[in-house]
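Given chain A, put chain B in place with the hints provided.
One letter stands for each residue in the lines below.
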Amino acid sequence: MSQAQSGIVRRQGPRQIALRILLFAVLGLFCLYYLIPLAVMISTSLKSLDEIRTGSLISLPHEISLDAWSKAWSSACVGVRCTGLEPYMWNSFLMVVPAVLISTFLGAINGYALTKWRFPGANVIFALMLFGAFIPFQIVLLPMARTLGYFGLAGSVYGLVFVHTVYGLAFTTLFFRNFFVSVSDGIVQAAKIDGAGFFPIFFKLMLPMALPTIVVSVIWQFTQIWNDFLFGIAFTVGDSNPVTVALNNIVATSTGVKEYNVDMAAAIIAGLPTLLVYVLAGSYFVRGLSAGAVKG
Amino acid sequence: MAGVKLDRVWKKFGQNEVIKGIDLEIAPGEFVVLVGPSGCGKSTLLNLIAGLETLTSGDIRIGEQQVNDVPPKDRNIAMVFQSYALYPTKSVHRNITFGMETRHIGHQEQEQAVSEVTQLLHIEQLLERKPGQLSGGQRQRVAMGRALVRKPDVFLFDEPLSNLDAKLRIEMRTEIKKLHQRLGKTTIYVTHDQVEAMTLASRIAVMDNGHIRQFGSPDDIYENPVDLFVAGFMGSPSMNIVRGRVLKNGSCGIEVTDGEGAIVFPLPEALAGKVAERTGQEIVLGLRPEIITHRGAHAPGSNVFAFERAIDVIEPTGPDTMLVFTLGGSEAIGRIRPGEAVAVDQPYRFQVNMDKAKLFDPASGIRL
Chain A
779 MSQAQSGIVR RQGPRQIALR ILLFAVLGLF CLYYLIPLAV MISTSLKSLD EIRTGSLISL
839 PHEISLDAWS KAWSSACVGV RCTGLEPYMW NSFLMVVPAV LISTFLGAIN GYALTKWRFP
899 GANVIFALML FGAFIPFQIV LLPMARTLGY FGLAGSVYGL VFVHTVYGLA FTTLFFRNFF
959 VSVSDGIVQA AKIDGAGFFP IFFKLMLPMA LPTIVVSVIW QFTQIWNDFL FGIAFTVGDS
1019 NPVTVALNNI VATSTGVKEY NVDMAAAIIA GLPTLLVYVL AGSYFVRGLS AGAVKG
Chain B
21 MAGVKLDRVW KKFGQNEVIK GIDLEIAPGE FVVLVGPSGC GKSTLLNLIA GLETLTSGDI
81 RIGEQQVNDV PPKDRNIAMV FQSYALYPTK SVHRNITFGM ETRHIGHQEQ EQAVSEVTQL
141 LHIEQLLERK PGQLSGGQRQ RVAMGRALVR KPDVFLFDEP LSNLDAKLRI EMRTEIKKLH
201 QRLGKTTIYV THDQVEAMTL ASRIAVMDNG HIRQFGSPDD IYENPVDLFV AGFMGSPSMN
261 IVRGRVLKNG SCGIEVTDGE GAIVFPLPEA LAGKVAERTG QEIVLGLRPE IITHRGAHAP
321 GSNVFAFERA IDVIEPTGPD TMLVFTLGGS EAIGRIRPGE AVAVDQPYRF QVNMDKAKLF
381 DPASGIRL
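So the protein sequences, as listed, match chains A and B. For the first sequence, my numbering assigns the number 779 to the initial residue and increments by one for each residue that follows. For the second sequence, my numbering assigns the number 21 to the initial residue and increments by one for each residue that follows.
Extracted from the complex, chain A is given alone in its bound form (with noise of 0.2 Å):
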């Protein structure tokens, strides 16, 4: 009865259910396999340095003790500033917000006046501006560096709000282009004819529609720009560093005693914010996309 109601019309026998036990002993084997560091690292934050060098590392912790992510937080030492994270974590938010916000923006648009808008040459730019989404990073460090200096943005956050931002378009574009080709044209022509112009059609009628992509771009934008390191150390200096600076240089310091528990603590705080962002835009994603299809 069970199976009949999973809606798959399968064999029943001895072997079928062998081979159901060993498929789940595999995918059971890859969940452990991807969720052991986590849960080392986690426990490991939460121990003490005295039972990290006599206890074993997949131990579980004997007393819990939340010392390594308070100083993780605020008094680890990044560099020869002893601030802890917090400083840097902000640095990232400021980074973060605008980057994500502009170049979603900017990416919407760009996608809705390349399909609805069609200008002569609108593919050749589209396929110039993909070209952009397959660029390394590394190419771009020195022009870069010169274009941030000659305006002034050099090793500030503003510079790599600038950086990320324009960096990211090539995907954002990419995105929303890949949406807007799908809503019929039908639909801006008959907003023309109601009267509504370039921005009003954008604004009223296709960015509503894009709800979706909108929440596809910003967790892209937001885990690539969280995540990134080498933008991060190319373009900011000391104070100015994002969170993953930061946390190379609590984590690769070379002077004193290694203190594990506060790596790992340091790690998990900033690894945080991308996963809220994927928890809470991605249920409203999922939400999104279950209404309209219970809707038509």
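Do not take every clue at face value.
To be verified - With the C-beta cut set under 8 Å, the calculated list includes, among others, these residues of chain A facing chain B:
1) S962
2) I965
3) I971
4) D972
5) A974
6) L983
Stated by the list, open to error - List of simulated lysine-lysine pairs, PhoX-like, C-alpha gap at most 25 Å:
7) K970/A x K110/B
8) K982/A x K110/B
9) K894/A x K150/B
10) K171/B x K25/B
11) K25/B x K970/A
12) K970/A x K32/B
13) K970/A x K894/A
14) K110/B x K93/B
15) K982/A x K93/B
Read the hints as simulated data drawn from the structure, not as lab findings. The beta-carbon is built from N, C-alpha and C at its ideal position, and this holds for glycine as well.
Just chain B now, with coordinates in the frame of chain A:
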């Protein structure tokens, strides 16, 4: 109220000529249907009138105004699209009022207009729904409502019924005709369905390959097609096209030969005069299925000619039965009363009303 006038209108997409110098004059209040096979340029022509495409050359006038360079929003037109083109994120109510919002029309006036059209189209109960929650027929009504609130000079319909199922299509067809009779607005309607064209139009423009082949009343188009294309396109099942040879020994006739022998279709006076010069030459004879029927179906006094052919296929449709047979090497259809049918492969004695036969020049396709 305004008419529409097209003067030597051309449209090219790159090297591709889609509209090839069309002249068309539509009187105020007329219901004109542009009909033709897909790719004939009818939708492009409608988009040109709407201002959704730019002209390559020529003139378009709506009323007295030349509108070549007037954007769609200022042409005082409303359009209904094949895909309905409703705004998916807006409620039915906001779909209908969107045009008035962009034109900054007062709230009071908007509500007034909405309640008028929703009553007219019986969609009052749908106002708060989103387009995704509506059936095809309801979406079509909303799309029409959105066009109606505009109170335009000219209504444009681009194959509005082709996405509906057969029954709904016939209902909506009647509805559109009623609306036109009631509002009396100039309407241009694009379709590939010749039945829709016949039922709705006050005049039909039959298009093919960027040209208008014939522009006339539905009766005129049906009874007096200018050429083989129009004759073949209008009517369902379409006209039987039979190749034959003009004979003259005493009276004038057309000889059609095939494996089952030769038949000479005698021509009545009016037609005989047209082929007087063509004795011995090839000619194309056009016989609509409804003039090839069973015995005794024709009005007394008409020039009835009887011939026999074996039946290949019998297709009952309910009110009539179609008999498919071979005539002059090609397939032909006769339309008879269901009770008169016999069995497949049996010879059947058809009667054809030669007064309604058409003759075409085999080379040019022009009707004689």
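Here is what the structure says about each hint:
{"no.": "1", "hint": "S962", "verdict": "5 Å, holds"}
{"no.": "2", "hint": "I965", "verdict": "5 Å, holds"}
{"no.": "3", "hint": "I971", "verdict": "5 Å, holds"}
{"no.": "4", "hint": "D972", "verdict": "4 Å, holds"}
{"no.": "5", "hint": "A974", "verdict": "5 Å, holds"}
{"no.": "6", "hint": "L983", "verdict": "5 Å, holds"}
{"no.": "7", "hint": "K970/A x K110/B", "verdict": "16 Å, holds"}
{"no.": "8", "hint": "K982/A x K110/B", "verdict": "9 Å, holds"}
{"no.": "9", "hint": "K894/A x K150/B", "verdict": "23 Å, holds"}
{"no.": "10", "hint": "K171/B x K25/B", "verdict": "20 Å, holds"}
{"no.": "11", "hint": "K25/B x K970/A", "verdict": "22 Å, holds"}
{"no.": "12", "hint": "K970/A x K32/B", "verdict": "22 Å, holds"}
{"no.": "13", "hint": "K970/A x K894/A", "verdict": "11 Å, holds"}
{"no.": "14", "hint": "K110/B x K93/B", "verdict": "20 Å, holds"}
{"no.": "15", "hint": "K982/A x K93/B", "verdict": "17 Å, holds"}
Of the numbered hints listed earlier, not one is contradicted by the structure.
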